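**Q** Listed in order, the protein sequences are those of chains A and B. Position 48 of the first sequence, counting from 1, maps to 53 under the numbering used here, and the rest follow consecutively. Position 109 of the second sequence, counting from 1, maps to 381 under the numbering used here, and the rest follow consecutively.
To be clear, the hints were calculated from the coordinates, so they are not data collected in a lab. The reader is advised that the hints may include incorrect statements.
[Unchecked claim] Straight-line alpha carbon distances no greater than 27 Å define the calculated DSSO-like cross-link-like pairs of lysine-lysine that follow:
hint : chain 1 : residue 1 : chain 2 : residue 2
1    : A       : Lys240    : A       : Lys62
2    : B       : Lys418    : A       : Lys62
3    : B       : Lys458    : A       : Lys210
4    : A       : Lys62     : B       : Lys285
5    : A       : Lys240    : A       : Lys204
6    : A       : Lys62     : B       : Lys289
7    : A       : Lys210    : B       : Lys285
8    : B       : Lys463    : A       : Lys204
9    : A       : Lys210    : A       : Lys181
10   : B       : Lys289    : B       : Lys463
Only a predicted model underlies this, so the values are computations on that prediction, with no experimental measurement involved.
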Amino acid sequence: MDYLWLVIATIITVIAPFAVAVLAGIDRRITARMQNRVGPPILQPIYDLMKLLSKTKMLINKGQIILATLYVTMSILALWMFIAGADLLIIFFVLSAAAAFYTLAAYAVLSPFSQIGATRELIQVIAYEPVVLMVFFGVYLVNGSFSSAATDDMLILWLPLMFAAMILVLLVKLQKSPYDVAEAHTEIVGGPEVEYSGKFLGLVKVGHWYEAALAFAVISLFFGSPNIYVAFAGKLLLVFLALFIVILVDNSTARLRYGQMARVVLTYGLALTVVNALVVWAVQEGVIPWP
Amino acid sequence: MGGPGGGDPLALKSLIKSPWILHFDTGSCNGCDIEIFATLTPLYDVERFGILNAGNPKHADVLVLTGPVTQKTRSRLLNLYEMMPEPKLVMAVGDCACSGAPFVNAYNTMGGVDTVIPVDIYVPGCACRPEAVIDGVVKALEKLGKLAAGEPAPPAHKREVSDIPLEVYDPEAAAAKAKAATAAAKSAATKGAKDAPKEEV
Numbered sequence: 006m007d008y009l010w011l012v013i014a015t016i017i018t019v020i021a022p023f024a025v026a027v028l029a030g031i032d033r034r035i036t037a038r039m040q041n042r043v044g045p046p047i048l049q050p051i052y053d054l055m056k057l058l059s060k061t062k063m064l065i066n067k068g069q070i071i072l073a074t075l076y077v078t079m080s081i082l083a084l085w086m087f088i089a090g091a092d093l094l095i096i097f098f099v100l101s102a103a104a105a106f107y108t109l110a111a112y113a114v115l116s117p118f119s120q121i122g123a124t125r126e127l128i129q130v131i132a133y134e135p136v137v138l139m140v141f142f143g144v145y146l147v148n149g150s151f152s153s154a155a156t157d158d159m160l161i162l163w164l165p166l167m168f169a170a171m172i173l174v175l176l177v178k179l180q181k182s183p184y185d186v187a188e189a190h191t192e193i194v195g196g197p198e199v200e201y202s203g204k205f206l207g208l209v210k211v212g213h214w215y216e217a218a219l220a221f222a223v224i225s226l227f228f229g230s231p232n233i234y235v236a237f238a239g240k241l242l243l244v245f246l247a248l249f250i251v252i253l254v255d256n257s258t259a260r261l262r263y264g265q266m267a268r269v270v271l272t273y274g275l276a277l278t279v280v281n282a283l284v285v286w287a288v289q290e291g292v293i294p295w296p
Numbered sequence: 273m274g275g276p277g278g279g280d281p282l283a284l285k286s287l288i289k290s291p292w293i294l295h296f297d298t299g300s301c302n303g304c305d306i307e308i309f310a311t312l313t314p315l316y317d318v319e320r321f322g323i324l325n326a327g328n329p330k331h332a333d334v335l336v337l338t339g340p341v342t343q344k345t346r347s348r349l350l351n352l353y354e355m356m357p358e359p360k361l362v363m364a365v366g367d368c369a370c371s372g373a374p375f376v377n378a379y380n381t382m383g384g385v386d387t388v389i390p391v392d393i394y395v396p397g398c399a400c401r402p403e404a405v406i407d408g409v410v411k412a413l414e415k416l417g418k419l420a421a422g423e424p425a426p427p428a429h430k431r432e433v434s435d436i437p438l439e440v441y442d443p444e445a446a447a448a449k450a451k452a453a454t455a456a457a458k459s460a461a462t463k464g465a466k467d468a469p470k471e472e473v
């Protein structure tokens, strides 16, 4: 790892939220087409953010804003570490810290919607973190290293079940139905987001985009090739594929209760990753003969 | 500060691209409410203008109001209006919200929305059609465009309430009055209790 790559990683980290915003715009457009309507412009999320950032400041208490700022900082740090090629386990802990700060910020206000949302956010974290940890362990099994630096290995051929489990995690992380339990717009009016307004809502949105960017970065880890152009195109295609599956599921299901979310992610999600890890281990140890 | 006057040009310009609405029923018969929900359906697809139903005053930019303001909803309406960050727009949808219509001078209503908060856009109709609501939103965005360009635009309109001969419901004053009444009753009761044995003696 040299200094030039750290500079490049910083530049990519600055650009990343805009890329995710465009992906979110594409998401909204495809959703609109699935519902037989025209839909907003592709850059709509960026317009929304510009509007939110130019509104006046209104805050409930300083603690909430400080914790929200820490959440955004931790999300940015996690993505930067991922691109810089840090240890996946450390990235995992930074990501957990981000989730913890977000939950604390939601607990810092007295609104019952925010409190319910914070509790659901915690249950959500308990549900998806073991799955993410197992996926990182799968990457270790194939690559022989916990480094997040891209390798030439085609991980999706080794870890197809872990990719499926990552789709489950994406549904939870991107707040898509049937697992949009923490924000649940029509039920608890945005959950942890309910008491942010104007500029601070924009700040939290940026944090969400960084988290989404990291989730997509983990998805992109599943494709590798010695040819850099093929690798780049393949990674992009895989991200689009994952996003399309998420949009399809989002538009064809209704929200489940948070208990159902935790049960499915912790049983099916975790089982997929464990079975996949066992098979990879068995093949590598020669228990299962492989041509 | 009434209406969208509080924002800088960039805020006004970006608001044109993504007006998020909050719908509040100040005492409507639900006729206009149904038309507003019809406007938000995929048939009219208002999301193509960036319009989203925020459902939260802290996230919203446009306050869409239906029905005459009743004395009970007045304090709630003021509360919601104050929770919205500047710049913001207020849209009165339907005849009742515009003027109070058949409820003018009724004992339980304040009249139109503009007797309580400044209104930027009036959308008349009983009930107003979704096309009229969309036209109202477009007019509101035109007004924002004018303000952003520094051109003169009609200010938000607030009617003087002094000419309406009714007692304005003030929750704090009402609470103070109730408290005083209870205190008076209590002191009368204790006096009575003190007096009673004396009478026996």
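**Q** For each hint, tell me whether it holds in the structure or not.
**A** How the hints compare with the structure:
1. For a cut-off of 27 Å, the pair hint linking Lys240(A) to Lys62(A) is broken: about 39 Å separates their Cα positions.
2. The straight-line distance between the Cα atoms of Lys418(B) and Lys62(A) is roughly 24 Å, inside the 27 Å bound, and the hint therefore holds.
3. Only pairs whose Cα atoms come within 27 Å are accepted, and Lys458(B) paired with Lys210(A) is rejected, the gap being roughly 55 Å.
4. Restraint check for Lys62(A) and Lys285(B): satisfied, since their Cα atoms lie roughly 18 Å apart, inside the 27 Å limit.
5. Restraint check for Lys240(A) and Lys204(A): the C-alpha separation of about 33 Å exceeds 27 Å, so the hint is violated.
6. A C-alpha spacing of about 20 Å is found between Lys62(A) and Lys289(B), which places the hinted pair at or below 27 Å, so the restraint holds.
7. With a CA separation close to 20 Å, the supplied pair Lys210(A) and Lys285(B) stays within the 27 Å bound.
8. Taking the CA atoms of Lys463(B) and Lys204(A), the gap is near 59 Å; set against the 27 Å cutoff, the hint is violated.
9. Distance check on the hinted pair: Lys210(A) and Lys181(A) sit about 15 Å apart at the alpha-carbon level, within 27 Å; holds.
10. For the hint pairing Lys289(B) with Lys463(B), the CA-to-CA distance comes to about 68 Å; that exceeds 27 Å, so the pair is violated.
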